[in-house]
Every structure is written in structure tokens, then in C-alpha cells.
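I would like the entire structure built from these sequences, with the hints used as guidance.
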Amino acid sequence: MLFKDFSVYLQKIEKTTLRLEITDLLSQLFSKLSPTEGKLASYLLLGQLAPNYQGIEFNLATKTMIKVVSRAYNLPEEEVKKKYKEIGDLGEVVWQVAEGKETEGKLSIEEVYRHLYKVAKEEGEGSVERKQYLMAELLKQLDPLSSKYVVRIPLGKLRLGFSQLTILDALSWRLVGDKSWRPLLEKAYNVRSDIGIIVEMILNHLQKKEKLEVLKELLAKMTVQSGIPIRPALASRLPSFEEIIAKLPQAGVEPKYDGLRTQIHAWREKGRKKDSLFSKETDVKVKIFSRNLEDLTPMFPEIKESAIELVERSNLQGVILDSESISFDPQTGRFYPFQETIKRKRKYNVAELRRQRPVRTYVFDILYFDGEDLLTQPLSKRRSYLNKILAKPVGCLNLTPQHLVKDKKEMETLFEEYVSAGLEGIMVKKIDSVYQAGARNFNWVKFKPSALTSVEDTFDLVVLGWYQGKGKRNKFGIGAFLVGVYNPRDDNYLTVSKIGTGLTDDQWRELHKRCLEIKAPHKPANYVVPKELACDFWTEPSLVVEIKADEITRSPLHTSGYALRFPRLVRFRDDKLPTQATTPEEMKEMMEG
Numbered sequence: 002m003l004f005k006d007f008s009v010y011l012q013k014i015e016k017t018t019l020r021l022e023i024t025d026l027l028s029q030l031f032s033k034l035s036p037t038e039g040k041l042a043s044y045l046l047l048g049q050l051a052p053n054y055q056g057i058e059f060n061l062a063t064k065t066m067i068k069v070v071s072r073a074y075n076l077p078e079e080e081v082k083k084k085y086k087e088i089g090d091l092g093e094v095v096w097q098v099a100e101g102k103e104t105e106g107k108l109s110i111e112e113v114y115r116h117l118y119k120v121a122k123e124e125g126e127g128s129v130e131r132k133q134y135l136m137a138e139l140l141k142q143l144d145p146l147s148s149k150y151v152v153r154i155p156l157g158k159l160r161l162g163f164s165q166l167t168i169l170d171a172l173s174w175r176l177v178g179d180k181s182w183r184p185l186l187e188k189a190y191n192v193r194s195d196i197g198i199i200v201e202m203i204l205n206h207l208q209k210k211e212k213l214e215v216l217k218e219l220l221a222k223m224t225v226q227s228g229i230p231i232r233p234a235l236a237s238r239l240p241s242f243e244e245i246i247a248k249l250p251q252a253g254v255e256p257k258y259d260g261l262r263t264q265i266h267a268w269r270e271k272g273r274k275k276d277s278l279f280s281k282e283t284d285v286k287v288k289i290f291s292r293n294l295e296d297l298t299p300m301f302p303e304i305k306e307s308a309i310e311l312v313e314r315s316n317l318q319g320v321i322l323d324s325e326s327i328s329f330d331p332q333t334g335r336f337y338p339f340q341e342t343i344k345r346k347r348k349y350n351v352a353e354l355r356r357q358r359p360v361r362t363y364v365f366d367i368l369y370f371d372g373e374d375l376l377t378q379p380l381s382k383r384r385s386y387l388n389k390i391l392a393k394p395v396g397c398l399n400l401t402p403q404h405l406v407k408d409k410k411e412m413e414t415l416f417e418e419y420v421s422a423g424l425e426g427i428m429v430k431k432i433d434s435v436y437q438a439g440a441r442n443f444n445w446v447k448f449k450p451s452a453l454t455s456v457e458d459t460f461d462l463v464v465l466g467w468y469q470g471k472g473k474r475n476k477f478g479i480g481a482f483l484v485g486v487y488n489p490r491d492d493n494y495l496t497v498s499k500i501g502t503g504l505t506d507d508q509w510r511e512l513h514k515r516c517l518e519i520k521a522p523h524k525p526a527n528y529v530v531p532k533e534l535a536c537d538f539w540t541e542p543s544l545v546v547e548i549k550a551d552e553i554t555r556s557p558l559h560t561s562g563y564a565l566r567f568p569r570l571v572r573f574r575d576d577k578l579p580t581q582a583t584t585p586e587e588m589k590e591m592m593e594g
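Everything in the sequence shown is counted per the working numbering, starting at 2 for the first residue and increasing by one.
Please note: incorrect hints may appear among the correct ones.
Stated by the list, open to error - Pairwise CB distance ranges, derived in the manner of DEER restraints:
hint	residue 1	residue 2	range
1	Lys389	Ala352	32 to 38 Å
2	Tyr118	Thr224	25 to 31 Å
3	Lys222	Asp537	47 to 53 Å
4	Gly178	Lys589	56 to 62 Å
5	Ser381	Arg572	31 to 37 Å
6	Lys409	Lys33	55 to 61 Å
7	Gly178	Asn388	47 to 53 Å
8	Lys348	Pro450	34 to 40 Å
9	Glu552	Thr17	33 to 39 Å
10	Leu405	Lys64	56 to 62 Å
11	Thr283	Ile57	25 to 31 Å
What the hints assert, rightly or not - Restricting the straight-line Cα-Cα distance to at most 27 Å, the calculated cross-link-like pairs of lysine-lysine (DSSO-like) are:
hint	residue 1	residue 2
12	Lys122	Lys68
13	Lys82	Lys102
14	Lys286	Lys344
Keep in mind that the hints were calculated from the coordinates and are not lab data. Ideal Cβ placement from N, Cα and C applies to all residues, glycine included.
Right, dumping it as C-alpha cells:
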């Protein structure tokens with residue numbers, strides 16, 4: 002398919018606010034693509050060149066892209082800056098300045114993708130200049146509409162109001178004419194974290210006109226693979242010990258650490274165990290991923306070293322561990338708050354940061370052990386493997402303690418013990434539960450001190466937009482902001498609170514700065530917002546904030562059906578994806594509890 006034809010679909014998707022219409026358009030698009038084109042198009046539809054864990058970034062700022070546009074269309078840079086300031090969307094600027102240019106736009110999806118990939122991979126001295134040149138040369142070969150979307154991709158501004166889950170819905174429609182295959186496709190996606198692989202597989206199946214049973218078998222074979230992150234299992238919340246015991250009558254209670262979720266993959270490159278435990282060389286490879294599937298490996302050398310030691314000491318083929326890493330004061334041993342741990346997510350001065358803020362990693366689950374996929378094994382069996390290899394700490398790796406409890410009193414005692422030690426609370430887990438990648442359910446329940454009363458509940462919410470500041474707030478550029486919960490069933494965002502108080506001056510400034518970076522040209526299609534709450538400015542679903550509130554109330558106005566009483570900002574959750582935000586189901590449980 003020519004990229005200009007692909008761009009027509011992008012334009013149609015961008016213009017609609019109807020969820021079913023977006024799904025239908027995507028389904029139509031996939032019907033016209035080859036398996037290879039479908040794989041590449043799935044990345045481009047999300048404004049990417051590859052899945053998150055591959056870490057392919059353009060590193061092209063808006064200022065640089067303005068230079069690209071100036072160069073491509075032979076315009077003064079100041080003129081492009083002026084137009085951008087007026088319109089606020091560089092893609093729209095390019096569409097305007099490119100109109101009337103005699104360019105046929107004969108490049109295919111594959112050719113544009115390869116060109117963009119080359120731009121992203123440019124590194125080293127002079128790379129910025131080379132990136133500018135390559136992008137300008139690409140724009141010269143594109144029609145105006147294609148140029149609009151190609152300019153947006155490196156800036157991360159393409160977001161069209163849907164996520165990977167809507168793509169899975171579209172694939173289900175292509176297969177069976179409805180969304181019934183979404184759970185099967187999502188299960189495969191959860192263990193491979195690569196939408197392109199799923200799209201390519203489905204289009205291959207359709208091209209070969211195979212039976213659906215054959216496809217089911219192929220999807221079932223998509224199991225855990227070392228070096229490819231698994232979408233993490235997530236915890237729900239319940240409001241009391243009584244309700245936790247009722248839902249999880251026999252459970253394991255673990256301390257809840259306020260750290261950074263780290264998924265650790267350590268495996269032998271040659272897929273075999275070592276002949277000698279005394280060899281100085283190692284063939285063990287390590288990858289460390291965040292909860293949103295970013296590659297953190299270079300940022301945590303102590304975790305990498307400890308994972309290698311673990312595999313070598315136990316003479317394993319490989320392991321995949323789920324854990325929480327938390328930084329501590331090397332002088333006192335006291336844990337730092339989350340805001341300090343998150344500072345370790347930097348690519349520079351790693352050695353110095355390691356010295357200042359070393360981490361302890363608390364391993365609470367194991368998903369792969371010595372060649373065996375453990376996702377479908379009960380938690381009790383998975384813990385037995387952990388007890389075997391982490392009976393004693395290995396480097397910075399520690400086994401998270403777990404106590405089996407059967408009554409409220411035991412749970413309360415452990416809760417009080419962990420909170421007194423300065424931890425966040427407890428995690429309660431069904432001991433017979435499997436590891437459900439990417440799912441949030443009541444196999445795991447988190448419980449924090451705020452749940453003991455009707456006040457001080459915290460929620461991870463997505464910033465949907467903001468309102469112009471007035472009076473004193475005018476200097477901040479923002480007077481209030483709208484937040485929402487994520488609804489995984491329909492892959493959309495529902496409103497829950499308009500927040501105009503509870504922030505310091507510095508927080509208002511920081512929020513405005515962050516909102517400007519993700520400003521959307523119009524309300525994204527997957528926002529369900531009543532007209533009474535329409536924002537002055539919209540943001541793409543990208544920024545997650547932790548909000549504290551006195552209580553949850555029913556709301557006839559907010560589309561989630563709930564509202565927060567006296568909400569205020571606690572912190573920015575840069576470690577979370579918007580699809581990992583609080584759900585309407587969690588709000589319901591907390592409200593009705």
C-alpha cells in the first residue's frame with residue numbers, strides 16, 4: 002500500500018469520535034495490507050517503530066523538526082515558528098505549507114517505515130544534522146497529507162485516540178465479525194508485548210485461509226520468551242480486611258514496597274548450562290524492564306550483576322523474575338520514597354547514582370525457571386521455586402517475605418508490622434492463582450493505611466485536559482485540570498474529577514509544563530467527557546498522576562459514575578502507562594465497600 006493511501010485512513014480515524022467507527026476503519030485497513038505491511042502499519046498507527054521494550058527513539062525535539070520543515074520546503078525558520086505558534090500542531094503546519102507542491106507520493110508504507118527507522122538509528126557526532134537531512138529528504142517525496150502524519154510520528158504526536166487493545170478488536174472483527182476473539186488475542190499479546198507480531202500472524206492466517214482452530218493453536222504457542230517482557234499482572238483494591246478475607250480465604254500476605262516495578266530476565270545466550278562453575282567468563286544475558294515495558298538494563302547495573310550471579314550460582318538455563326526495586330540510604334539503610342527511586346531512571350551518571358542511591362530488589366514472583374514457563378502454575382508452586390534459589394539474598398536480590406493467613410487478625414498484625422516499618426501496606430494474593438499477564442483482578446489485592454477510613458484514598462488517574470488559569474493561576478497558565486479512569490473493556494477514559502485546588506505553586510508549574518508537551522489538537526476519540534466538563538485544552542492520554550481524596554461519591558455528571566471529594570495531587574507517576582490507571586471497577590469496589 003502507498004503511504005498516501007495509508008494516510009487517508011489516518012485522517013478518517015483522526016476525524017471520528019466514535020469507537021466502533023475507529024474499529025471498523027482499522028479492520029478495513031488491515032483487509033488491504035499484506036502481513037508485512039500490517040506489522041509495520043500497526044507500529045506506525047501507534048506513533049512507534051517497534052514495541053516499547055526495544056527502546057527505539059527518534060530523539061528529535063520540536064525545535065529540530067521546525068528546522069526540518071524549513072529545510073524541506075525552503076521556508077524561513079522564523080516563518081515556520083510563527084505558524085507553529087499560531088496552530089500548535091507541526092503536522093497541520095506542514096500540511097498547509099506543502100499544499101500545492103507537485104509531489105505524487107509514490108512511497109509505500111514499507112519505504113516510509115525504513116526511512117524513519119534509518120532516522121531513528123542515527124547516532125554519534127553529527128547525528129542531529131544527519132537526522133534533519135534525512136527527514137527533510139523524506140518530506141520532499143511525500144504528498145501534503147502524508148507529510149502531516151510523518152512529521153507527527155517522531156514528535157510522539159500521532160496518537161489517534163486508541164491503544165493496542167483497539168487494534169486487537171479490529172483484528173477480531175476481521176476474523177469473525179465481532180470482538181469475541183479479543184480475549185484470545187490479548188492473552189497472546191500479554192506474553193509477547195508486540196502488537197506487530199500479532200497483526201502479522203493474523204494477516205498471515207487470513208492470507209492462507211486456514212481454519213480458526215489452526216490459529217488458536219498458533220496463539221496458544223505464544224508463550225514466555227527470555228528477553229521479551231511480559232505485561233505485568235496488576236492488583237485491585239478492597240476497602241477492608243473483612244472483604245479481602247471473603248474474596249481470598251486462603252492467601253499469602255506480602256509487604257508492599259513503594260518502589261519501581263522491575264521484571265528481570267536472565268538467561269544463557271546459548272541456551273545451555275555451564276560445564277564449569279569456576280569459569281570466569283559468563284554467557285548470561287540480562288534484561289530489566291519497567292512496568293510500562295521500558296528497557297531499564299543500563300540504569301541498574303547492580304541488578305544485572307546480581308541476576309548473573311543468581312543464574313551462575315544455581316547453574317540455571319534462565320529465569321524471569323517479577324520484583325520491586327527500591328533505593329535506600331547506604332549510610333542508614335533507610336528506604337527512600339518513590340520520588341528518589343525514580344531518579345535512577347537515567348542514562349547518564351549511572352555509576353554516581355548507584356553510589357548515592359543503591360537499590361534493593363525484592364523478588365515476589367517467578368514466571369520462568371530453567372526452561373519452564375510458569376505462568377499457568379499456581380502461586381504456591383511459583384513460590385517454591387523462589388524459595389529454592391533465593392533462600393539467601395544474592396547481591397541486591399532479596400526474596401519478598403510471604404505469610405499464609407486464614408483470618409483477619411493475622412492479616413491485621415502483618416499490616417501493622419509493615420506500616421510501622423515505613424512500608425506502603427500489604428499485598429494479599431490467592432495462593433492457588435495463576436499469573437495473569439496484563440490483567441487486573443482480585444487474585445492480587447493491595448491494601449494501604451488509607452483504606453482503613455473513608456479518607457485519604459489514593460488513585461492513579463490520567464490527565465485528560467486543562468482549563469485556563471484566572472487571577473493568580475493565570476501566571477501558571479492553568480487553573481484546573483480534568484482527570485479520568487481507564488476503562489479496559491472499551492479502551493477509553495471516563496471522567497472522575499475536575500481538580501482546581503490541592504497543588505503547590507511548583508506543582509502547578511510542573512503540571513502545565515507537562516501538559517504542554519502532550520497537548521492534543523482536539524479531544525481524543527477515546528475520551529468520554531460530558532459537554533459541561535469540556536476542557537479549554539486537551540492532552541493526549543499519557544500523563545498519570547496519583548491523586549489523594551477524602552472520599553468517593555456517586556456522580557450523575559462524571560462519565561465514570563463516580564467523583565472524588567477534595568482531590569489533591571500527590572505525585573506524578575512516570576512509571577505507569579495510562580492503561581495501568583485506576584479502573585471504574587476499582588472505583589466501584591472502593592465506593593461500595
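A quick look at each hint next to the structure:
For the pair Lys389 and Ala352, the beta carbons lie near 33 Å from each other, so the given range of 32 to 38 Å is met. In this structure the supplied range 25 to 31 Å holds for Tyr118 paired with Thr224, their Cβ-Cβ distance being about 28 Å. For Lys222 and Asp537, the Cβ-Cβ distance of about 50 Å falls inside the hinted range of 47 to 53 Å, so the restraint holds. For Gly178 and Lys589, the hinted distance range of 56 to 62 Å is not satisfied, since their beta carbons lie about 31 Å from each other.
In this structure the supplied range 31 to 37 Å holds for Ser381 paired with Arg572, their Cβ-Cβ distance being about 35 Å. At roughly 59 Å, the beta-carbon separation of Lys409 and Lys33 lies within the given 55 to 61 Å, and the hint holds. Under the hint 47 to 53 Å, the C-beta atoms of Gly178 and Asn388, about 48 Å apart, fit the expected range. In this structure the hint that Lys348 and Pro450 lie 34 to 40 Å apart at CB holds, the actual value being about 35 Å.
Checking the proposed 33 to 39 Å range against Glu552 and Thr17 shows it holds: the Cβ atoms sit about 37 Å from each other. Distance hint for Leu405 and Lys64: a CB-CB separation of about 57 Å, consistent with the stated range 56 to 62 Å. Under the hint 25 to 31 Å, the C-beta atoms of Thr283 and Ile57, about 27 Å apart, fit the expected range. Among the hinted pairs, Lys122 with Lys68 is consistent with the structure: their alpha-carbon atoms are about 19 Å apart, no more than 27 Å.
Taking the CA atoms of Lys82 and Lys102, the gap is about 20 Å. The hint holds against a cut of 27 Å. Distance restraint check for Lys286 and Lys344: the Cα-Cα separation of roughly 25 Å lies within the 27 Å cut-off, and the hinted pair is therefore satisfied.
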